[in-house]
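First to last, the protein sequences are chains Y and P.
Quick note: the first sequence uses our numbering, first residue 1, plus one each step.
Quick note: the second sequence uses our numbering, first residue 1, plus one each step.
Please keep in mind that the hints were generated in silico from the structure rather than gathered at the bench.
For every residue, glycine included, the Cβ atom is placed at its ideal position computed from N, Cα and C.
Among the clues, some could well be false.
Partner residues aside, some chain Y positions facing chain P, computed with beta carbon under 7 Å [what the hints assert, rightly or not]: (1) A10; (2) R12; (3) A81; (4) N151; (5) R154; (6) G292; (7) E369.
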Amino acid sequence: MSDRLTQFFASRWGIIFAGAVIGVLAPLLQKLGNPPNMGMCVACFERDIAGALGLHRAGAVQYIRPEIVGFVLGAMLAAYAFREFRARAGSAPIVRFVLGMFAMIGALAFLGCPWRAILRLAGGDLNAILGLAGLAVGITIGVQFLKAGYNLGRAQKTYTAVGWIMPLLMVGLFLLLLLAPTFSKEGPIFFSKTGPGSLRAPVFFALGVGLLVGVLAQRTRFCTMGAIRDVILMRETHLLSGVAALLAVAFVMNLALGQTRFGLVGQPVAHSSFLWNFLGMALSGLAFTLAGGCPGRQLFLSGEGDGDAAVFVTGMIVGAGFSHNFALAGSPDAIVDGIAKTGGLTPYGMGAVILGLAACLLSGFTMRETAPKEV
Amino acid sequence: MKSVDARGLSCPQPVILARKAIDAGQFPIEVLVESVTSRENVRRMAEKAGCTVTVAEMGDEFKLTLSK
C-alpha cells in the first residue's frame, strides 16, 4: 500500500493531483476569509508572521498564519510515515540565509511569491504575467550557474533533534497564535485589525489545509521554481504539470466562487508598476534557484529534516522584517481622493532589489565547484 | 565502473552530475544518493535518457546503477 502510494505520488498524475488540490483549497481559503488572490502565499504569510512577532511594524500585515505551521508539520508527518525523515544540515547556511532574505525582498517588491503569482493570475490579475516572466528569467539565470558548476556543497547527516527544530518552532508559533499573549505594553504578539493581516480563514480550517498540502507536497516534491527550472535545465515537464494543474483549477474555482476580476490596475494587494513586478520576481526566482527550492518547497524540506532549508526560511522571515522596516516592500495601487494611484517601490525598494540581484550574481559566480567529487 | 557520489547534495545537483556522467557515455554508472527525492529524480532523468536503472538500498542511502 505504502509503495503504491509512493509510486502514485511520484507519477505525473500524482503531481497533477497535488497541484489540483492546492488549486481547490487556495481559492476556498480566500472565500473563507483569507485576503484576495492570497488564499495561500508563502512569502506573504511568512511576512505576516514576522509582523505578528514584531520583527516589523507594518500594522496591516501581522498575523500568525496557521497554513505555514501546517505546511511544515504536514511535511514532517508525511516524511515520518514514509520513512523519509532525514536530519541533515551544513551546506553553506549563511549563504542560504542571505538568499532567503533577498528572495523575500524580491517577493515583497512584487507582492507575492510564485504561489501567489499563480493565484493572482488565476484571479484575473494580469500583473502576475510580468511577475511570472520575471520569475522565469531569474530561474534561467540561476540555471546557467547550475550548468557552470554552482554548488553550495554537501549537507551532513546530523542528530534527529536538529531536524526537529523548525517543526518545533512552528508548534511554538501555533501556541502563540492560540494563546495570543501580549509581551509588553503595546508590544507583540500583534494581530492586524485592518488590511490583509486582518483577513483570515478560520484557524483550524487553515491549519488543516496547511497539513494536507504539507503531506501532498512532501510526497510529490511540489515546487513552483523547480517546475520552470526542470524545463529549462532538462526539458522535464513533470513538476510543471503540477503547477499548470494548480493554475487551471484555481482559475475555475475563482470563476465558480465569483472571485475573478480581469485587469491590470487596482488589483487587490498588487501594484501595476511593471518593471518592478518583473525585477522583484526575477530576484526571487534567482535566489530560489540558487537555494534549490521555492518558498513552499523550503518549508516542506525543513519539515522533513533539512536544516539548510530551515535556515533559508528563517532568512525569509528576517528579510520580511527588513523589507517593511526599511520601506522596501511594494505598496499596492490605491484610490486616493477618488483618483487611482499606481503603487510600486520606493527608491530604497528599487535599490534593495538591485542589491539583491548583485548579491545573487556574486554568489553564482563565486561559489562553483569546477571538478565534481568522484569515487 | 564510473561512479558519482551525490550524497549530501541537494536538488538538482545529483541529477546534473548523473547527467554529465551519462553524457560522457561510460557505462555502467553507479550513482550514490541519500534522499528518496534524489533517487526518484535521477531515476526519472536516466530512464528518459534511455538507461536501465537498478536501485539498491544501503541503510539510508541508495545506489543506482545506470546501464545502456
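Going down the list of hints, with the structure as the test:
1. A10: At 5 Å from the nearest chain P Cβ, A10(Y) passes the 7 Å test, so the hint holds.
2. R12: 10 Å, violated
3. A81: With a closest approach of 13 Å, the A81(Y) hint is violated.
4. N151: Holds, because the Cβ-Cβ distance from N151(Y) to chain P comes to roughly 6 Å (cut-off 7 Å).
5. R154: Holds, about 3 Å.
6. G292: This interface hint holds because 5 Å falls under the 7 Å limit.
7. E369: Check failed: Cβ of E369(Y) comes no nearer than 9 Å to chain P, outside 7 Å.
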